[in-house]
Amino acid sequence: MTDSLMTSLFIENVPILSILIFLPAIGALCVPFLSGKNAVRWFTLTILFVDFLIAAWLLVIFDNSTAQMQFVESKPWVPSLGITYKLGIDGVSVLFLFLTSLLGWICVLASWNAIDKRLKEFMICLLAIQSLMLGVFCALDLLLFYVFWEAMLVPMYLMIGIWGGEDRIYAAFKFFLYTLAGSLIFLVGILVLYFEGGRTFDILVLMDVSYDFELQRWVFIAFLIAFAVKVPMVPFHTWLPDAHVQAPTAGSIILAGVLLKMGAYGFIRFSLPMLPDASHYFAPLIQGLSAVAIVYGGFLALAQQDIKKLIAYSSISHMGFITLGLFTFTTNGTTGAVIQMFNHGITTGALFLFIGLVYERTHSRDIPAYGGLLKTIPFYGIFFAIFLLSSMAVPGTNGFIGEILVLSGTFGVNNWAATAGVLGALLGAAYLLGIYRQMLLGPVRIPGAAKMWDLNVRELCCALPLLLFVFWLGFYPKPFLSILQPTLKHLLEQTVGAGL
Amino acid sequence: MSDIAEKQTAADLATVDLTAISQSVLASGPEIIIIIGACVALMLSLVPHPRQNQLLAGVSVFMILLAACMSYALSDFPQTAYAGMFVVDGFSTFFKVILYLGTTLTVLMSGNYRPNNGLIKDGVFQGEYYALLLFALLGTMIMVSSTDLLLIYIGLELQALSIYVLTGFLKTDLRSNEASLKYIILGAFSSGIILYGMSLFYGLTGTTNLNDMAVALSTLDLSDPMLILATLFMLVGLLFKVGAVPFHMWVPDIYEGAPSPITAYMSVASKAAAFAVIMRIFMQDLSVLQPIWILNIVGIAVLTMTLGSFVALAQTNIKRMLAYSSIAHAGFLMLGLVAGGRDGMASIMLYLLIYTFMTIGIFAVIILLNKGVTLGEPIEDFSGLAKNHPGLAFMSLIFLFSLAGIPPTGGFFAKFYVLTALIDTGHVILAVIAVLLSAVAAWFYIRIIMLMYVQPPAPVLTQAAEIQLTPSIRIVLLIATIGTLLTGVLPAWFLGFVTNSMPLGLG
Chain G
-14 MTDSLMTSLF IENVPILSIL IFLPAIGALC VPFLSGKNAV RWFTLTILFV DFLIAAWLLV
46 IFDNSTAQMQ FVESKPWVPS LGITYKLGID GVSVLFLFLT SLLGWICVLA SWNAIDKRLK
106 EFMICLLAIQ SLMLGVFCAL DLLLFYVFWE AMLVPMYLMI GIWGGEDRIY AAFKFFLYTL
166 AGSLIFLVGI LVLYFEGGRT FDILVLMDVS YDFELQRWVF IAFLIAFAVK VPMVPFHTWL
226 PDAHVQAPTA GSIILAGVLL KMGAYGFIRF SLPMLPDASH YFAPLIQGLS AVAIVYGGFL
286 ALAQQDIKKL IAYSSISHMG FITLGLFTFT TNGTTGAVIQ MFNHGITTGA LFLFIGLVYE
346 RTHSRDIPAY GGLLKTIPFY GIFFAIFLLS SMAVPGTNGF IGEILVLSGT FGVNNWAATA
406 GVLGALLGAA YLLGIYRQML LGPVRIPGAA KMWDLNVREL CCALPLLLFV FWLGFYPKPF
466 LSILQPTLKH LLEQTVGAGL
Chain F
827 MSDIAEKQTA ADLATVDLTA ISQSVLASGP EIIIIIGACV ALMLSLVPHP RQNQLLAGVS
887 VFMILLAACM SYALSDFPQT AYAGMFVVDG FSTFFKVILY LGTTLTVLMS GNYRPNNGLI
947 KDGVFQGEYY ALLLFALLGT MIMVSSTDLL LIYIGLELQA LSIYVLTGFL KTDLRSNEAS
1007 LKYIILGAFS SGIILYGMSL FYGLTGTTNL NDMAVALSTL DLSDPMLILA TLFMLVGLLF
1067 KVGAVPFHMW VPDIYEGAPS PITAYMSVAS KAAAFAVIMR IFMQDLSVLQ PIWILNIVGI
1127 AVLTMTLGSF VALAQTNIKR MLAYSSIAHA GFLMLGLVAG GRDGMASIML YLLIYTFMTI
1187 GIFAVIILLN KGVTLGEPIE DFSGLAKNHP GLAFMSLIFL FSLAGIPPTG GFFAKFYVLT
1247 ALIDTGHVIL AVIAVLLSAV AAWFYIRIIM LMYVQPPAPV LTQAAEIQLT PSIRIVLLIA
1307 TIGTLLTGVL PAWFLGFVTN SMPLGLG
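As given, the protein sequences belong to chains G and F, one line each in that order.
Note that the numbering used here gives residue 273 to position 288 of the first sequence, counting from 1, and the numbers run on in steps of one.
Position in the second sequence counted from 1, then plus 826, gives you the numbering used here.
Derived by calculation from the structure, the hints in this document are not laboratory data.
Keep in mind that this is a model prediction, so the values were computed, not measured.
Using N, Cα and C, we set each Cβ at its ideal position, and we do this for glycine too.
Accuracy of the hints is not assured; some may be wrong.
Unchecked claim - Okay, the calculated bits of chain F under chain G, using three or more residues with CB under 8 Å as the criterion:
id	stretch
1	1041 to 1050
2	1268 to 1277
3	1304 to 1310
4	1316 to 1322
What the hints assert, rightly or not - Here are some chain F residues pointing at chain G (derived, C-beta under 8 Å):
id	residue
5	910
6	911
7	912
8	1079
9	1245
10	1246
11	1249
12	1261
13	1280
14	1326
15	1327
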């Protein structure tokens, strides 16, 4: 009850979601007028930190007892076509708003020294992408969602293309064209729903429409293509390693931390509630593809020497767990999937951050070139080790909670996929322990290791919050689960209750 | 019988005629203003003046603005004039807005365009340049306002003849001459085909007036081979004008050879006027013919988009690339014809309006880059633009993303609205093909963005002083940028404008 009291006291009539979304955008407009590199850095950091505080505040005052959309704002945008500027959040979106805004300011810190050239433009990109990602999670109008979703490509494309590694242009093109092609088909699907659902783009209204099965199947395929590219699911995954390897650290964190969640979020927001019959119809296919992704991604990761590539392939495997969990339509599976989405953002974001930190020091991404980091830079080593263990889903870390929920939800629904999941977890242990052994233990191989500096205050500021969430979720996931519970219960009612 | 009675009748006739004529003259006021403007420009060029170029451009813009005001005043009184040959309705007014906008921006850009051999050197054929541009505008204005095949043809030819000359305006440049010659020959050929189609229609219906023709057609059998032939001939001729495949062969050569401002004008205003005629004839007045052409248009649209998108990928010259991209856009626009009805029409109109902003914008950038350089416009000229001219690069980024159809720019909304109309009428497969081809087309736009932001500056640009942003080109860039963004962020207003601009007599 205190929650709703607080809501009524502070939030009434304040368009808090709009403020959250457009604060970084307004910041981006101000950046060109700043002078001095440090001014730009501090300004961006402040903006994104304030944004983070707003998102954290939202999480605190979020009402856990209902599956209703909260903080809803609605204004007509293109009335003649039934397009509205409508925002609102439920348990799933509030969690991702939080994750997005958390990683946002960490990205600024991670790029503090790493980005030196064209700093202003970089920070503008960072602020813009932050705005657009937050918009995606808040949008309650399909077309508004699409605008945010599609516009997000632009800053990400520039980020990879301008500040990336040697093959950045190829990677940027591949990323852009893959996602663009997927999204455009998504747009056709949206339009079909629009016309069949009574000429409205309102997501909540469209959820209540029951479409005939044939139509659902076609629209589902259209949505599937878009979301599968974003997730990415095998066989639409080939852009991911390229993009990840070439992107600057902040780009990799955003890609792994938030952008990859968009696909799964799309399934949760659109495919499951709007197309329940088709979701059931296609569930075995998606479970199968997920199982393939888990095992195939694991094997690919096992074979990598480039650390960024390895983590990128491991993401494909981890994202497999998420799609697998979602399409079991069990409470455990779905909850596990969403928790795993959050986890993957924290853990993989942290891993890319740490790879970036060590790359700043050595300019090498070659795993065998390292060794003995625990000896040379112990603090770094300890943090990195913990994040590796969390990615491995060791009990006591966040990864364990997610994977165990997904697997327990999958057994009994699709035992083959569940077995593949266990195999994937084993493979994960193999390649992550491989990194652990080769990079952290053993003799020091990297030249100039003695001069390497350990984590400084700025780097600690990035690492500590992430570490906090690794253990918080690992030991006491209840607050997170209780935020999700009503929303996911409602989602399953919508999906399972549809018949079939 | 009696003299008095005869005199009275004659007097009656005279008064009636006078009112009708004065009304007709009033209705065609904007056209008359443009004629006066063109003549004034011609005469002014005879008087030596130190800043003649600015003066002429100023006069042209002023006359266009005057005509725009007149059109605005007339827009509240939809009417027909000249015995039903000429019409002032929302539809023609809407297209005139596009034409005024396109021509004004072209005029403002022209002063900046001076390759080595000089497009408009002070004192040499300046008056002719602006006068021809105004005559071309007049031609397109007549095209969008006429409801009579003969008048349409006159407008078409007036516009085409002016553009033929303007295409060859770089008199010492071989490519410009070649382009002009090619354009004249091919253009005359297409005019012949249109005229053939028109005369067949006249033969079948006994009238050139579109409204009377519609009445006459209702009694005709649609499977009459003569009628099919007439429809297809007229359609082919008009599709030639918009550069649809397989009648597109002239587009790349002529776009490349023509002076850049004229290329911009062609891709915006000429195309808009040709689409207006196609819509007026085939979607409104003679819409009964739809079963004859619909399948052809579907095929041509798909071919046009495919060829335009894929061939553009291979281009190394920016103007050739934009030529193929304009072919691809024409294909997308034809999807609006396929959708048909009010929504289909509105979608084409909105698309053309937004297309004007973004195309003029990118051509303004090309003209700036072109300054002091030879005519070859390699795409590499864009390299490193962001380093020396971040503002200009950012504007180009907006235009290019808009051309690629990425939100929140106008280009997205233009495509979105066409797709909406298409899916509403059940052409989902066609919509899927269209979106996949726009993904292909996105490739060459975003390639330029990469060049601007990643590559080191091109030799052309190392002397940053080369690019001089004169006030007139600043205005062009500003209007284009604001238009491109506003149509994407606040499409409702523009959409309202479009849906209120339907032709007279369309339910």
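Outcome of the hint check:
1. 1041 to 1050: violated (count 0)
2. 1268 to 1277: holds (count 6)
3. 1304 to 1310: With 0 residues in contact (Cβ-Cβ under 8 Å with chain G), the coverage given for the stretch 1304 to 1310 of chain F is violated.
4. 1316 to 1322: Result for this restraint: holds, n = 4.
5. 910: 32 Å, violated
6. 911: 33 Å, violated
7. 912: 31 Å, violated
8. 1079: Hint on residue 1079 of chain F: violated, closest Cβ of chain G at ~29 Å, above 8 Å.
9. 1245: 6 Å, holds
10. 1246: 6 Å, holds
11. 1249: At about 4 Å, which falls below the 8 Å cut-off, the nearest Cβ of chain G leaves the hint on residue 1249 of chain F intact, so it holds.
12. 1261: 4 Å, holds
13. 1280: 6 Å, holds
14. 1326: 11 Å, violated
15. 1327: 14 Å, violated
Violated hints, in rising order: 1, 3, 5, 6, 7, 8, 14, 15; the structure is consistent with all others.
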